[in-house]
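2 protein chains.
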Amino acid sequence: MKISGLLTSAGINIGLCVLFLSLYSVLRKQPANVRVYFGRRIAEEHNRLREAFILERFVPSTGWIVKALQCTEEELLAAAGLDAVVFNRILVFSIRIFSLAALLCVFGILPLNYFGQDIHHVRIPSESLDIFTIGNVQEYKHIARLRLHHHTRATPNLSHFTVLVRGIPKATKESCSNAVDDFFTIYHASSYLFHQVVYKVGKVQKIMTGAKKAYKKFKHFTDTTVDHSCRAISYRCCLCGASSNSFQLLRTGLEQNQGKSDLQDSSLKLDDQECAAVFVYFRTRYAALVASEILQTSNPMKWVTDPAPEPDDVYWSNLWLPYNQLWIRRIATLLGSIIFMLLFLIPVTFIQGLSQLEQLQQRLPFLKGILEKRYMSQLVTGYLPSVILQIFLYTVAPLMILFSTLEGPISHSERKRSACCKVLYFTVWNVFFANVLSGTVISQLSVLSSPKDIPVQLAKAIPGQATFFITYVLTSGWASLSSEVMQLFGLIYNFVRKYILRMEEDTEFVPSFPYHTEVPKVMLFGLLGFTCSVLAPLILPFLLVYFFLGYVVYRNQLLNVYRTRYDTGGLYWPIAHNTVIFSLVLTQIICLGVFGLKESPVAAGFTIPLIILTLLFNQYCRNRLLPLFKTSPAQDLIDMDREDERSGRMDEIHHRLHSAYCQFHDSEDIPLEKIQIVGRGGDQGSSSGKSNGKETSEESGVELSHPTLNGLPISRLRHAVKSITFLVRLQKRGLSG
Amino acid sequence: MKISGLLTSAGINIGLCVLFLSLYSVLRKQPANVRVYFGRRIAEEHNRLREAFILERFVPSTGWIVKALQCTEEELLAAAGLDAVVFNRILVFSIRIFSLAALLCVFGILPLNYFGQDIHHVRIPSESLDIFTIGNVQEYKHIARLRLHHHTRATPNLSHFTVLVRGIPKATKESCSNAVDDFFTIYHASSYLFHQVVYKVGKVQKIMTGAKKAYKKFKHFTDTTVDHSCRAISYRCCLCGASSNSFQLLRTGLEQNQGKSDLQDSSLKLDDQECAAVFVYFRTRYAALVASEILQTSNPMKWVTDPAPEPDDVYWSNLWLPYNQLWIRRIATLLGSIIFMLLFLIPVTFIQGLSQLEQLQQRLPFLKGILEKRYMSQLVTGYLPSVILQIFLYTVAPLMILFSTLEGPISHSERKRSACCKVLYFTVWNVFFANVLSGTVISQLSVLSSPKDIPVQLAKAIPGQATFFITYVLTSGWASLSSEVMQLFGLIYNFVRKYILRMEEDTEFVPSFPYHTEVPKVMLFGLLGFTCSVLAPLILPFLLVYFFLGYVVYRNQLLNVYRTRYDTGGLYWPIAHNTVIFSLVLTQIICLGVFGLKESPVAAGFTIPLIILTLLFNQYCRNRLLPLFKTSPAQDLIDMDREDERSGRMDEIHHRLHSAYCQFHDSEDIPLEKIQIVGRGGDQGSSSGKSNGKETSEESGVELSHPTLNGLPISRLRHAVKSITFLVRLQKRGLSG
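Chains as they are written, first to last, in full-length UniProt numbering: chain A, 1 to 737; chain E, 1 to 737.
Misleading hints may appear alongside valid ones.
Identical copies look the same in the list; a pair holds intra-copy or inter-copy alike.
[Claimed, not checked] Computed cross-link-like contacts, DSSO-like style, restricted to lysine-lysine with a CA-CA straight-line distance of at most 30 Å: (1) LYS598 <-> LYS29; (2) LYS302 <-> LYS630; (3) LYS200 <-> LYS173; (4) LYS200 <-> LYS302; (5) LYS170 <-> LYS200; (6) LYS141 <-> LYS170; (7) LYS170 <-> LYS302; (8) LYS302 <-> LYS141; (9) LYS630 <-> LYS200; (10) LYS200 <-> LYS29; (11) LYS498 <-> LYS67; (12) LYS302 <-> LYS498; (13) LYS373 <-> LYS67; (14) LYS598 <-> LYS302; (15) LYS302 <-> LYS173; (16) LYS141 <-> LYS173; (17) LYS170 <-> LYS498; (18) LYS200 <-> LYS598.
Don't read these hints as lab results, they were simulated from the structure.
Required output: the full structure, derived from the provided sequences and hints.
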């Protein structure tokens, strides 16, 4: 690829960027698109834009950039959670590093390279390393501090009181619920409060789906014949947040009723034997921490305790998986991901072929005519490869999310974080290494002959691929940023839904930020920046523009578009840190290769201590800061417990625990939410409402009074059971109107 | 090397074995050697052999073999600890596997190989794998069960109540002891009992050494002028097992005394600020477990809690190391070991040269005359290489122990276990791989060209080295076993000490079993057995003899010679398990290579699922059983706590905790023990004597009554301090008689 190819690519991408950004600044002011561009704001802050026709709306403006830049870290934290702050910090950190690197390399190394002198100074990487090192410890400490604050924030986090127990041994006689009660009253007597059984989704889901179908048919029926007051038939689920006692009583209630109503339907009987997971609630945070960290019995596969994820973060359908299976699932998905990574080399090699015009002409002779046109060859070599790679890469994220789901994580955030790691490994291997190596080694079908030659091989290979990487920054970086800000998919979806299907606005659907694709993307660009900085410093200005643009765009998106339902609590930072260390060591190995090629043993000698120091620094961070990302310090939790006890808030928190985790609560389908059947019973008497953001669905349910019998609203449960039965019967009889 | 060389070697070694074993059976009956051959028995069981001159004493006999075989596992456990049982199990397991493998391979594969047919059945490795797998899970479960029993054994283990705290932050005003008190009374109020500061060895050791020197001079003085009643001047150390309160009072006592006696000597003032480690005692085992497993504060390098080792197992001089240093020490020793491993290749290559006679004659032409004699060449090629390797290998264990010490383990057993791992890696790399590869690949200075070729390379290389490995089994296995049973070094030491130096018998010195050299040795033979079983099955009978002989010899030694002062609690088993899995996978990879060479793709195809199954099996064991070797299950500890509380034994245990850990107690020098200065004060009033086996030294101290002031025997402390001062002054004035 020539410099003209590069310029073509740059031209197209800059044009696209300018176009998209201008379009965005206009489209965001249109009231019709408000749900696309301000989803988070509408869902969480309930403010609406004024609908007035003014000319201003059709003039591109830069106000949004100013707004995105003005937002402080505290505001970002409040609006989009800790993960957003971490992501923001990754961008800030990249900007800092590469500003300096660009300055040094463009004015230091580039002229040297250009004028063909063979002198390389070890000074430059070492200095940038120093700055990086100091900066990074600060960043790491800052994130760790934020994470601690996140734990100790004002509103009590109910998940701190909760432990997820899996691998409950099957008792022959007593029910699972009794077994849990027995175990924890014996071994955690002083701190155990109560527990909540997680049911197999299949079992209850079957009832719910049946009820949903029946409801749909019923609704269709009522829509045509009866008026809308019929909605009053919907109740809320009796399964949510009930304590262990209430479940037993429910069963007794069922048995009492067996004679009267036809509750013989086996699908209704929730078999306690089949429970695979239980949420156990403790009196204090510290007690829950202790229970979650300690090996409970002499069989490490039984009574497995883990810290519970936050209520909105629970991935319910995975909770039911037998704990014994999980390690096999993990190995299987690992193998699956590796095979996928290797298979993906095929399109990558094809792309490499594209950027080498001569090879392409040889292989596909019928293209010769087209390719001989000057403009076409520039387009093919300069732009097409990275577009094709981009299209293939779009399949990666969904597949990795699928792999991560199969792995069996217990929370949405863990699933996303696991997918993020997979996508990152994938990107580094298939975009970076496969491209670097296929240009030189793999394409010649000769393998690495010796580990000693790797630095030299890399040093030879990278300059050859530098122009490809620059176009990659342009397409995958700039252009995808501007399409991100445009929300092309959301815009079209909204348009089709509103004006073609004429459906109501989908108020519930506000997407979460796709950390699993964006973090690896930024990290890959960081890797490209580090490794190319010495050999092809021309990439740095392009990268710097990308990081600046990304800083503005992502802040804007986090503040306006995406909604934070769950949060890993900054767990993306260790991933970013490790990737930066990897990039740095790789860069230093490449430097070693360069100095080897230039036959400068002194400079090469200076590089080895640099590598050792980098690794030592990494080890220090692992020892000093990483444990904070894995567990919570006891001191902080004990202090919080005491503070709550002193202020008398503890009782209120214990009450709220009863309704903290609700299994059949946030199904994706709206009709299901409308027939939620409520039984927030247990021994508290007052259900204080859900603490998450779904107020809308709650309003549609009919609130009943709470007559409690033995601390349990038995009438309500009976009522709820009857209503399910009614709906199921409706479905069975095929009431199709 | 020809078959004649092999026979020479076998002849020499069998001769040595028979000679040594016969000598042993005679020597063990001589009363003069009773301390060499029955060290453990005398030290622990206090029984002596009758001294009567009968002819029977000079006739070789086999009674000891019968005795060694008759001993049950329970007796072994009682006499030599869990590690001995684990070691015994490793041998039993090896015998089982290799009996079967020998049967199959010698009668199955050997004739096939000999008659030159190319048919290999995948049946054999797969069957032996199956038997291995089932057997090994049983073994692993058995060891895990023994470990649990070991924890819950009848005599309460005081270390279960104790947590070692390191990384205590330096407070500006208050003393370290106060800081510990404050922290644990705030955050572990319900379970914290008291603590004990560990002092820098340098500080106190200086005083002790000074006192010791003074005592020596003093003793010399008294030996010539005064009678032996002067011994009454010796007191016991006031630093052992004192509670936190007693230390403060000691200091106050010192300040009160400052005017009267000249205690200005700065070396006497134990600066609390310098304490780096503290033993913290808890009310229950469970509380100690919780405290040791949980991250205490938001700085993971401060208030680091670890389960305390057993009192006799504490490696006091390492406790004082600053916790911040440890990770650097670990990395440094890792690098050191790797460098040593690589440097060791030089003698190994030299040895390989020896076994290839032609190369040797080329390199050292002056040896040509000698080497042309037939007998000499057989000796050089058949026997010399493994003897030289053996001599070099003798330097490895002490060096690895040194590395492990530098690493900073807190217990003797951990130090030995760490050394065991290092020696194992070293042996596998330098004896197995270096020998296999230097014969083919390294000597031709061509490196591994591709990972795909490794199985084939190994399959080619191993038959070439099989005869060397057989001679290695003969020298390093058979001969070293018989010299082990002879205790050549101990015998000579005892003889010199008794008859030449005319010193008293050293009653204290009874060695511990050298697990760090013996476990790797047995594992290496296992590896040789697995890898050679398909290609050179002739090695198996030799190995089988080794394992049988080892079974008898090691049981005899464990029962009679070595004393178990400390125990890892079966932690050698996971090491053995991992090594066996590694050997098995390596064998299967070699099979893959063999089938590749023989061009049998079906058989090779059958081997790959075998490898996967082996790895899955390993993963299962890691999940199911390994956690039990890392931490204790809460259930068992809680049950033990309750049992002790019910039976009222808890108070007694709490009393005993005061004297559990004594820092200046088991110094290697005997004179030091005689001037131990006692202050087992604190708030218990009655010091119930030490719980370990050192009764002799205790008798020499003068017991004082216990007049306690504020729960502290202040008169005694004053007395002790005065006596130290006296001794130090004695030394300073140079009282040389």
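Which numbered conditions among the earlier hints are violated in the structure presented, ordered from lowest to highest?
1, 10, 12, 13, 14, 17, 18
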